[in-house]
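Enquirer: Here is how the chains run, residue by residue.
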Amino acid sequence: MLRQMIAITLKELKVLLLDREALALLFIMPIFFILVMSFALKGVFEAGSKGHPIEILVVHPPDSPLADRTIADLKRLEGFVLIETHQGTRLTSEKAEELIRKGTYPLALLFPENFTENLLKNEKDFKERKATVYLLSDPAMNVQLLTTVKGTIEGILEHQAFLASLSQNSQKMAGLAPGLGGVINQLFKKAYEIKGARVELIHKFPKNYRVGRRPTATEQNVPGYTIFGVFFIVLTLASSFLKERQDGTFLRILSAPISKTTFFMGKLFPYYLVNLIQIGLMFSVGALVFGIRLGSFPAFVIVSLALAASANGLGLLVATLGRTEAQVNGLSVLLAVTLSALGGLMVPTFVMPNWMKTLSLFTPHAWALAGYHDVIIRGLGVKDILTETSILFGFASFFFGIALWRFRFNN
Amino acid sequence: MSSSMLLVKDLWKSFGTIDAVQGLTFDIHRGECFGLLGPNGAGKTTTIGLLCGFIPPQRGQIVIDGMDLFSNPMEAKTKIGLVPQNVALYPTLTARDNLAFFGRIYGLSGKRLEERITDVLKLVSLTDRSRQPVGTLSNGMKRRLNIATGLLHEPKLLVLDEPTVGVDPQSRRAILNSIRSLNQSGVTILYTTHYIEEAQRLCDRVAIIDQGKMIALDTPAQLIRDFGKGMIQLEFNGVIEDYLIEQIKGIGKVTFLDEQKSILHLETDQTEQSSKEVLDLMKTNEVKLKTLFLSEPNLETVFIHLTGRMLRD
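Protein sequences, first through last, are from chains F and W. Letter by letter, the first sequence follows residues 1 to 411 of my numbering. Letter by letter, the second sequence follows residues 1001 to 1313 of my numbering.
Calculated from the structure, these hints are not laboratory results. Glycine included, each C-beta is placed from N, C-alpha and C at the ideal position. Mixed in with the good hints there might be a few duds.
[To be verified] To give an idea of the chain W side of the interface with chain F (calculated C-beta under 7 Å), a few residues:
hint : residue
1    : Asn1072
2    : Met1074
3    : Ala1088
4    : Leu1257
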């Protein structure tokens, strides 16, 4: 019995060792998961920490002492990096908006021209002292993170506003006359009780984004899960090609009067259709059950067509590269999970390290997600998603090109 | 109209450093059953890949029914029906669905397609199994359906790549009978095999190929006449002594001696006379034989004579 067991074990090991690519994938896959997920999730768990600060663009007038003091307070906080210039030039509101729209930064704090003046005018009446600061964010930004950042900024602004509302002499008194602590505390308390006398932080999205309200969690998540699901076609498609090759039906088809183009078109079309139905179904559930708004329908359709094309292209590429079932399975799962993580489906890209952000641009997932966010969350139209869709179709062409070039019909 | 259904001229194909097909030249006459005989790895399947247009050659010419395969592949391919070595069908689809799919690939549709499906199912006696998924059919039935699929579009040349490999004797008989009746109905057949008896029984002419080269081409009878020798296969209980081998060489030509020196093949024109001489020699030397097997001249002995090896090696 033991000998038989050993014989089976040895045979199995031999089979495993002979398929080196599949074996390598078994080891590479978990390493990839650990690396990608750790680096990506680091951003989520450490966002706002010293090692992983949140970058906020700051636009403020040149001579605004209260804005300066607020910024100085924020700079002292761990976990925030305030950026006042871009490529050596002082930031303007327009530039900040542009950088957010491009996805370079997630947040911008805009101090208006007369921020200090508004806050200090009519010193005797707290109620009249009202200034507004704008917090500009990408609609696709994680809501929890935004809430945290907003609360922190509001705290600092209120603190500065309160200090500004006290006369310089009162401040000196507070510092020089410890005996009057109780009185001063009463004054402070009184000042806080007066509502509307401080700074109002207004959250808004960049111009041209037709976002009537804050996107819901479902609107944020459905595109991500859909893209994740769509790329699982890679496994189905690649396995189907592998089976045709192994069964010899490829050869039978190729001996018929049929061009390779016709064959590939016919073979891929059902998978493309399945992807489109998949997308339609997932967003329908999102719309009907969770009430998400799809935005511009033509733009939505174009992004979906491009996404399905790139997923099919990747499927054909895996079919070309994988020689055995184990290789096809391993490669499909490896790509499905790591590209999803890299592409920002599991963790938003803005919390990733810079090198990872750059790497994410080389995944179709990131562009598909950006496309859907543009349409659903940012409320943009067809002309605004042309970049994303062009890149997605570019990915599809690249994958198809390599796959068709290297495709083997014979096993 | 040319008398050749297939013309192959100076065909070459190599895979890396392996020359799979080396300058094959032959033609197949209309209505002929032509055999391509050779051991496994001789280049038969590669030749079929080249003839069916899914393996591109390094050089050479293939003309099918007057149509050049490389300059007019789409039209030339309609004239060929391929029956691959493995059952190349979709196991989850029914027999009928498989036939319908491959029929459509060849441009059949509507009533014509239905007629052809019915005809070929009848031909291979699978009419009552047509709604059954292919995966549930027996191996022999799958093989028959594999042949039926190659016949759907009524090809002028049917190419069968070892269609009886791994088939039980009953199914093999049925397959060979189907091929014979197809040939009798006017279909030209190209039949590859490494089974001597099939080639001898079915084929009008046989090309023997070895290591990608054609080494003989003629009718089986003529090949046997020209190259066929009788063969005596001797198996000893132990190692044959060298002195004994030398004495056996006096009776005929020793064409094979295994590594253990226990099996010996002797080629001779007079199998009966030579076998008596061998038995006398053994008696004189008090050597016991395990087995003695006589073969009259056939295509196997032709192959051994030409290559020094057995077909199944």
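Enquirer: Compare the structure with each hint and give your call.
Expert: Consistency of the hints with the structure:
Violation of the interface hint for Asn1072/W is found here, the shortest Cβ-Cβ separation to chain F being roughly 10 Å, above the 7 Å cut-off. A distance limit of 7 Å between C-beta atoms decides the matter here; for Met1074/W the minimum to chain F is near 4 Å, and the interface restraint holds. Look at Ala1088/W: its Cβ gets to within about 4 Å of chain F, closer than 7 Å, so that hint holds up. Checking Leu1257/W against chain F by beta carbon gives a least distance of about 33 Å; that is not within 7 Å, so the hint is violated.
Consistency with the previously given hints fails for numbers 1, 4, ordered from lowest to highest.
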